[in-house]
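Take a look at the letters that make up each chain.
Number of protein chains: 2
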Amino acid sequence: MRKIILEVAVSLDGLIEGPKGEYDWCFQDQDYGLSDFFKRVDALFMGRKSYEMMQGMSEAPAGFPKLKEYVFSTTLEKVKEGAVLIKKNIKKEVEKIKNEKGKDIWLFGGAGLTTSLMNLKLVDEISLAVHPLLLGGGKPLFSELTDRIPLKLVDTKTYSTGLISLTYHLEK
Amino acid sequence: MRKIILEVAVSLDGLIEGPKGEYDWCFQDQDYGLSDFFKRVDALFMGRKSYEMMQGMSEAPAGFPKLKEYVFSTTLEKVKEGAVLIKKNIKKEVEKIKNEKGKDIWLFGGAGLTTSLMNLKLVDEISLAVHPLLLGGGKPLFSELTDRIPLKLVDTKTYSTGLISLTYHLEK
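Residue numbers (my numbering), protein chains in the order written: chain A, 355 to 526; chain B, 355 to 526.
Bear in mind the hints are in silico, worked out from the structure with no lab data behind them.
Only a predicted model underlies this, so the values are computations on that prediction, with no experimental measurement involved.
Among these hints, one or two may not hold up.
Same chains, same label: a pair holds when it works inside one copy or across any pair of copies.
Listed next, the in silico DSS-like pairs over lysine-lysine satisfying Cα-Cα at most 30 Å (straight line) [unchecked claim]:
hint, residue 1, residue 2
1, LYS374, LYS506
2, LYS374, LYS450
3, LYS374, LYS455
4, LYS446, LYS511
5, LYS403, LYS432
6, LYS420, LYS434
7, LYS511, LYS450
8, LYS493, LYS403
9, LYS446, LYS374
10, LYS511, LYS434
11, LYS393, LYS511
Next comes chain A alone, as it looks inside the complex (with noise of 0.2 Å):
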């Protein structure tokens, strides 16, 4: 079954966002591990504002991979063509797409459709790009989550900037 996964950037305080939105503080100056991700997935899971800010941009970032792109939000009516849009029935919705042939899933946030998938017990890894600052104020990675979730380190790989990749499976 394909898995998902939760690939994001945080502070050590464990925030996502900066307390004005910002994310300016994610290096760019090297690959961290990306290039290897992203060939493991052939799929994206955002949210609604994740959606409009990719909608935003001009092109992809540098070296972003041509991904199924799945769209979840109770109040659009429509996405771009070629994209999927999911508007209820989560838990069901994502358990079909997991049963479908295909690589892995990038799950790209944000923080309230990555608690709702949490919460579903639908997320298989996490993988954390922890950056060495403190935001100190922000958008936390998860907003409330039902049940404390323990999970098992299965990998950690060091950086020379001192971004340190992390990375869990979530026991079922």
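Fit chain B to the supplied structure of chain A, relying on the hints for placement.
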């Protein structure tokens, strides 16, 4: 000069307590480098709540070193014999203590004191015992920092239980 070291257990989502103040998730099965850490310090900084919590314990946790205790509180009128109460002029008082002869100082918390000392740029090192779980809600390690704080990763240690210890120096 003596260093102030924030050494604390956190969940992967950057929380130091669960939604009801729980810290039962902190691993107790092995030393996790604490006895080496205890050799480095001879003093303890803590806020009022941490002080009151420790006062409520019948005895110190096993292996807990003998430390000079400094309690930071604007509301307490006195503290136990041997301990020092700091009510105001935090920056001046802390700088004085840092300049005294002695080993390093353990900044124990809580979030309010930690945030104050971080904002005053008095903390020298942060060592987080990142536990392999998501608490999903509760108390963040820091409340509101005034500015972003860049860090320098100086050490990582991974344990068989999935706990990873991350040590950073604060750039001055």
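Comparing the hints with the structure gives:
Taking CA atoms no more than 30 Å apart as the test, LYS374 paired with LYS506 passes between copies only; the shortest distance there is 24 Å, against 33 Å inside one copy. Taking identical chains as interchangeable, the C-alpha atoms of LYS374 and LYS450 are never at most 30 Å apart, the minima being 36 Å within one chain and 37 Å between chains. Proximity of LYS374 and LYS455 under a CA criterion of 30 Å is satisfied in neither setting, with 40 Å inside one chain copy and 43 Å between copies. When the C-alpha separation of LYS446 and LYS511 is checked against a cutoff of 30 Å, the pair qualifies neither within a copy, at 35 Å, nor between copies, at 40 Å.
Proximity of LYS403 and LYS432 under a CA criterion of 30 Å is satisfied intra-copy only: 14 Å inside one chain copy versus 51 Å between copies. Proximity of LYS420 and LYS434 under a CA criterion of 30 Å is satisfied intra-copy only: 15 Å inside one chain copy versus 64 Å between copies. Proximity of LYS511 and LYS450 under a CA criterion of 30 Å is satisfied in neither setting, with 33 Å inside one chain copy and 40 Å between copies. In this assembly of identical chains, LYS493 and LYS403 lie within 30 Å of each other by CA distance both inside one copy and across copies; the values are 13 Å within and 26 Å between.
Taking the shortest alpha-carbon separations for LYS446 and LYS374, neither the intra-copy value of 35 Å nor the inter-copy value of 33 Å comes in at or below 30 Å. Proximity of LYS511 and LYS434 under a CA criterion of 30 Å is satisfied in neither setting, with 36 Å inside one chain copy and 46 Å between copies. For a Cα distance limit of 30 Å, the shortest separation of LYS393 from LYS511 qualifies both inside one copy, at 18 Å, and across copies, at 29 Å.
Consistency with the previously given hints fails for numbers 2, 3, 4, 7, 9, 10, ordered from lowest to highest.
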